[in-house]
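Note that the protein sequences, when read in sequence, are chains V and R. Mapped onto the numbering used here, the consecutive letters of the first sequence carry residue numbers -14 to 237. Mapped onto the numbering used here, the consecutive letters of the second sequence carry residue numbers 24 to 311.
These are calculated hints, taken from the structure and not from any lab test. No experiment lies behind these values; they were computed from the predicted model shown. Among these hints, one or two may not hold up.
What the hints assert, rightly or not - In silico SDA-like cross-links for lysine to any residue, where the CA-CA straight-line distance does not exceed 20 Å:
(1) V:Lys93 / V:Leu105
(2) V:Lys59 / V:Thr137
(3) R:Lys203 / R:Gln214
(4) R:Lys203 / V:Leu121
(5) R:Lys310 / V:Ala150
(6) R:Lys146 / R:Asn204
(7) R:Lys310 / V:Glu43
(8) R:Lys308 / V:Lys59
(9) R:Lys310 / V:Pro75
(10) V:Lys93 / R:Leu229
(11) R:Lys310 / V:Ser115
(12) R:Lys308 / R:Leu229
(13) V:Lys111 / R:Ala40
(14) V:Lys229 / V:Val181
(15) V:Lys11 / V:Gly61
(16) R:Lys310 / V:Asp49
(17) R:Lys203 / R:Leu180
(18) R:Lys310 / V:Ile207
(19) R:Lys308 / V:His116
(20) R:Lys203 / R:Arg221
(21) R:Lys310 / R:Arg220
(22) V:Lys59 / R:Gln214
(23) R:Lys308 / V:Leu121
(24) V:Lys93 / R:Gln214
(25) R:Lys203 / V:Pro75
(26) V:Lys93 / R:Val170
(27) V:Lys93 / R:Arg221
(28) V:Lys227 / V:Ile207
(29) V:Lys59 / R:Gly217
(30) R:Lys310 / V:Gln120
(31) R:Lys308 / V:Tyr117
(32) R:Lys310 / V:Tyr117
(33) V:Lys59 / R:Gln222
(34) R:Lys308 / V:Asp81
(35) R:Lys203 / R:Leu229
(36) R:Lys310 / V:Gln69
(37) V:Lys59 / R:Ala40
Said to hold, decoys possible - Counterexamples of contact, computed for chain V against chain R with all Cβ distances above 12 Å:
(38) His(-10)
(39) Ser(-7)
(40) Pro27
From the three backbone atoms N, C-alpha and C, an ideal C-beta is built for every residue, glycine too.
The residues making up each chain are set out below.
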Amino acid sequence: MIELHGVSKVFPAPNARSEPVMAVSKVDMTIEDGEFVTVVGPSGCGKTTILNMIAGFERPSQGDILLDGEPVLKPGPERAVVFQQPSLLPWMTVVDNIAFGLTLREGKRGVDRTRLDGTLETMGLKNFASHYPYQLSGGMQQRAAIARALITDPAILLMDEPFGALDAQTRSDMQRFLLLVWTELQHTVLFVTHDVEEAILLADRVLIMSPRPGRIAATIRITLARPRHWDMVMDRDFNDYKRKVMKVLRPQ
Amino acid sequence: MGYSPLQRSAEPSQERAPQLRAMVTDDQASVVSKTSYHRYVPWMVIGVIVVLWWVVSALHIFPRLALPSPGRVTRDAYVIATTGYNGYSLLDNIGASVTRIAVGFVAAIIVGVPIGFGMASSKIVFNAVDPLLQFLRPIPPLAYIPVMVIWFGVGQLSKFVLIFVCTIPIIIINAMSGAKNVQETRIRVAQVFGADRRQLFRYVILPSALPEIFTGMRVAIGVAWTCLVAAEMIAAQTGLGAIILTAGNELRMGVVFVGIILIGVIGYLMELFIRTVEQRMIPWKGKA
Ligand SMILES: Nc1ncnc2c1ncn2[C@@H]1O[C@H](COP(=O)(O)OP(=O)(O)OP(=O)(O)O)[C@@H](O)[C@H]1O
Ligand SMILES: [Mg+2]
């Protein structure tokens, strides 16, 4: 269980003429084990900041972040992260990048090759295993980064706009794939996006953030049946949810 | 993971590999120019310079002593190549210089890279080394010579040490800056997967720093050659620098030119060698 209690984050001013930035203000949230939570909100509202604090990269200026009751002090392998920016290591081939987490944990020889090959196949990267990241398209790089996170079987998956760089079709494939993996492994997922449909389609719960200082403006529980299909997007229920989310994001 | 593969993200077929291979172009070349004339540009430049040199010396604008003709230099080169100079063969002379550079330069890398990394990771190490480094940097190699002779004698050691001292600041500074400028996301990736300090260094910091280390090496190899002539002023019997100095004293300008050209060519070859190793080790340089 992940808990945020009155979490605020203030970034110091870069120079004397500007003010410190209050990126996140008094956020409370609880994410249950195995829950799929999505976060939507306008650009700059503090979504990445919250994710970074849960990941343990940054400490809150105020408030507490608890993981199963223990304060989060540093990053850890039980919380895999898919970053918003390209994050593959350029000096490693695609297969070495995907295996990176396993290599650190089990040593070079401890990596399960069959599993690795399976992942490459599933992610459509089989013929690119020994390419370097710069030889891949942006979407392929992102798929490799997702594979790198999933292959370590993390208890918690923190994903920061992971499908932002993908075309609609691949994005929809990846959503389906992510849901399949999640149904099987039941890890806790915190998924940041600014695509409202994606947020609703994937989530048990959608957190909607307001612009700076970032706050949780509303929480909407999604009770659409699982497994979810992309064509649910056209259902009445789905559109009701969409309208609700839009109302919070764009009042009036 | 035993899930159904993504149907749409199928990979492009590789069946027509031979045809594809034939279509691969040299991107680097097409950015510079549409043709491949650029390959011949260096030779054309050399040709133009030699022709100009020949014309100027044939017109006797300068005294023959000051500017030997290309023919004179070629004849001197031939004589040195066949009978040697100062009682040593040309290969011995080249070998002597290259050995001095190699020993001083490699020692500077072996010692300098860890010092640079130490300075990047520890404030204490930085504060201990930085003043010394900045103090040594502006001192010209010639100024070291008396000190080197008195401390290390007139043998090989003083020459090794001189080249070492002249090149190590460049290596240290580049290694330090490379290790400091690691992208934060990359460090975070390693932290997420639970890397310890050793793994963080091996998988992230060291490879991140490699491009700058190579830049340092390429600058340093040039500096090493400029120090060499200074080093070989220390009572050296052999070496390209020694040849230039004795020939200069004997007013044999043709030989001086041979020495200069050889230093330039060998320095260029060393640069090409480092460049090749660099392309092998960091093919991703400048692309990430
Ligand atoms: N390291 C930092 N130093 C100073 N200010 C920062 C830093 N990181 C983020 N901010 C500020 O905090 C605010 C929230 O940033 P954050 O990256 O969390 O936004 P976001 O919701 O992820 O936006 P986007 O959807 O564009 O990714 C922004 O105003 C940003 O300028
Ligand atoms: Mg963000």
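Okay, the hints, checked on the actual structure:
1. Between the alpha carbons of Lys93 (chain V) and Leu105 (chain V) the distance comes to roughly 17 Å, so the proposed pair stays at or under 20 Å and holds.
2. For the suggested pair Lys59 (chain V) and Thr137 (chain V), the alpha carbons sit about 18 Å apart, so the restraint of at most 20 Å is met.
3. The hinted pair formed by Lys203 (chain R) and Gln214 (chain R) meets the criterion: a straight-line CA distance of about 17 Å does not exceed 20 Å.
4. Distance hint between Lys203 (chain R) and Leu121 (chain V) is unfulfilled; the C-alpha atoms sit about 27 Å from each other, more than 20 Å.
5. A threshold of 20 Å between alpha carbons decides the hint, and for Lys310 (chain R) with Ala150 (chain V) the separation of about 19 Å falls inside it, so the pair holds.
6. With a CA separation close to 15 Å, the supplied pair Lys146 (chain R) and Asn204 (chain R) stays within the 20 Å bound.
7. The suggested pairing of Lys310 (chain R) with Glu43 (chain V) is violated, with an alpha-carbon distance near 29 Å, which exceeds 20 Å.
8. Proximity of Lys308 (chain R) to Lys59 (chain V) is assessed by CA-CA distance (about 31 Å); at most 20 Å being required, the pair is judged violated.
9. Restraint check for Lys310 (chain R) and Pro75 (chain V): the C-alpha separation of about 8 Å stays at or below 20 Å, so the hint holds.
10. Only pairs whose Cα atoms come within 20 Å are accepted, and Lys93 (chain V) paired with Leu229 (chain R) is accepted, the gap being roughly 18 Å.
11. The straight-line distance between the Cα atoms of Lys310 (chain R) and Ser115 (chain V) is roughly 17 Å, inside the 20 Å bound, and the hint therefore holds.
12. With a CA separation close to 14 Å, the supplied pair Lys308 (chain R) and Leu229 (chain R) stays within the 20 Å bound.
13. Taken as a hint, the Lys111 (chain V) and Ala40 (chain R) pair is honoured in the structure, with Cα atoms around 16 Å apart against an allowance of 20 Å.
14. As the CA atoms of Lys229 (chain V) and Val181 (chain V) are separated by approximately 10 Å, the hinted pair is consistent with the 20 Å bound.
15. For a cut-off of 20 Å, the pair hint linking Lys11 (chain V) to Gly61 (chain V) is broken: about 24 Å separates their Cα positions.
16. Between Lys310 (chain R) and Asp49 (chain V), the direct Cα distance comes to roughly 40 Å. Violation of the 20 Å bound is thereby established for this hinted pair.
17. Distance hint between Lys203 (chain R) and Leu180 (chain R) is unfulfilled; the C-alpha atoms sit about 34 Å from each other, more than 20 Å.
18. For the given pair, Lys310 (chain R) sits about 43 Å from Ile207 (chain V) by alpha-carbon distance, which is inconsistent with the 20 Å threshold.
19. Under the criterion of a C-alpha separation no larger than 20 Å, the hint pairing Lys308 (chain R) with His116 (chain V) is consistent with the structure, at around 14 Å.
20. Taking the CA atoms of Lys203 (chain R) and Arg221 (chain R), the gap is about 16 Å. The hint holds against a cut of 20 Å.
21. For a cut-off of 20 Å, the pair hint linking Lys310 (chain R) to Arg220 (chain R) is broken: about 27 Å separates their Cα positions.
22. A distance of roughly 8 Å separates the Cα atoms of Lys59 (chain V) and Gln214 (chain R); the hinted pair therefore holds under the 20 Å criterion.
23. Note on Lys308 (chain R) and Leu121 (chain V): the hinted pairing holds, with a Cα-Cα distance of about 15 Å set against a maximum of 20 Å.
24. Annotation: proposed proximity of Lys93 (chain V) to Gln214 (chain R) holds, straight-line Cα distance about 18 Å (limit 20 Å).
25. The hinted pair formed by Lys203 (chain R) and Pro75 (chain V) meets the criterion: a straight-line CA distance of about 17 Å does not exceed 20 Å.
26. The straight-line distance between the Cα atoms of Lys93 (chain V) and Val170 (chain R) is roughly 50 Å, outside the 20 Å bound, and the hint therefore fails.
27. Simply put, Lys93 (chain V) and Arg221 (chain R) have alpha-carbon atoms about 15 Å apart, close enough for the 20 Å limit, and the pair holds.
28. In summary, the hint linking Lys227 (chain V) to Ile207 (chain V) is supported, as the alpha carbons are separated by about 10 Å, within the 20 Å threshold.
29. As the CA atoms of Lys59 (chain V) and Gly217 (chain R) are separated by approximately 10 Å, the hinted pair is consistent with the 20 Å bound.
30. The hinted pair formed by Lys310 (chain R) and Gln120 (chain V) meets the criterion: a straight-line CA distance of about 9 Å does not exceed 20 Å.
31. Restraint check for Lys308 (chain R) and Tyr117 (chain V): the C-alpha separation of about 11 Å stays at or below 20 Å, so the hint holds.
32. Of the pairs offered as hints, the one joining Lys310 (chain R) and Tyr117 (chain V) holds, with about 10 Å between alpha carbons and a cut-off of 20 Å not exceeded.
33. A hinted pair counts as satisfied when its Cα atoms are at most 20 Å apart, and Lys59 (chain V) with Gln222 (chain R) qualifies at roughly 17 Å.
34. Of the supplied pair hints, the one linking Lys308 (chain R) and Asp81 (chain V) holds, its CA atoms being roughly 18 Å apart against a limit of 20 Å.
35. Proximity of Lys203 (chain R) to Leu229 (chain R) is assessed by CA-CA distance (about 10 Å); at most 20 Å being required, the pair is judged to hold.
36. Distance restraint check for Lys310 (chain R) and Gln69 (chain V): the Cα-Cα separation of roughly 19 Å lies within the 20 Å cut-off, and the hinted pair is therefore satisfied.
37. Between Lys59 (chain V) and Ala40 (chain R) the alpha-carbon distance is near 47 Å, which puts this suggested pair outside the 20 Å criterion.
38. With 12 Å as the threshold on Cβ separation, the claim that His(-10) (chain V) sits away from chain R holds: the shortest Cβ distance comes to roughly 24 Å.
39. Remark: the non-interface label on Ser(-7) (chain V) is consistent with the geometry, its nearest Cβ contact in chain R lying 22 Å away (cut-off 12 Å).
40. No beta-carbon of chain R is positioned within 12 Å of the beta-carbon of Pro27 (chain V); the least distance is around 23 Å.
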